[in-house]
Amino acid sequence: MYGACREHVEQVIEQFLFEYARAPELLMLSQAGREETLPAACLFCSQPPVYLVK
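Reading the sequence shown from the start, the letters are residues 305 to 358 in the working numbering.
Treat the hints as calculated values from the structure; they're not laboratory data.
Just so you know, not all the hints are guaranteed correct.
List of simulated lysine to any residue pairs, SDA-like, C-alpha gap at most 20 angstroms [to be verified]: (1) 358 x 325; (2) 358 x 331; (3) 358 x 341; (4) 358 x 332; (5) 358 x 326.
Here the structure is a predicted model, which is why all the values come from computation and not from measurement.
With the hints as extra help, turn the sequences into a complete structure.
Structural data, given as structure tokens:
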């Protein structure tokens, strides 16, 4: 599971596809369940994530 800011969401999706060879589920952090462990930052920068890629 990865966090992605608005600027890097496409790169994070590509990284997920490369590692897992399947399409990810893309959620806005506001849609993520409370049981999810949320990433503190985007995978590619230090910005707070807006999307959860899992």
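So, going through the hints one by one against the coordinates:
Restraint check for residue 358 and residue 325: the C-alpha separation of about 12 angstroms stays at or below 20 angstroms, so the hint holds. For a cut-off of 20 angstroms, the pair hint linking residue 358 to residue 331 stands: about 8 angstroms separates their Cα positions. As the CA atoms of residue 358 and residue 341 are separated by approximately 11 angstroms, the hinted pair is consistent with the 20 angstroms bound. Simply put, residue 358 and residue 332 have alpha-carbon atoms about 11 angstroms apart, close enough for the 20 angstroms limit, and the pair holds.
About 10 angstroms separates the Cα atoms of residue 358 and residue 326, which keeps this hinted pair within 20 angstroms; it holds.
In this structure, none of the earlier numbered hints is contradicted; all agree with it.
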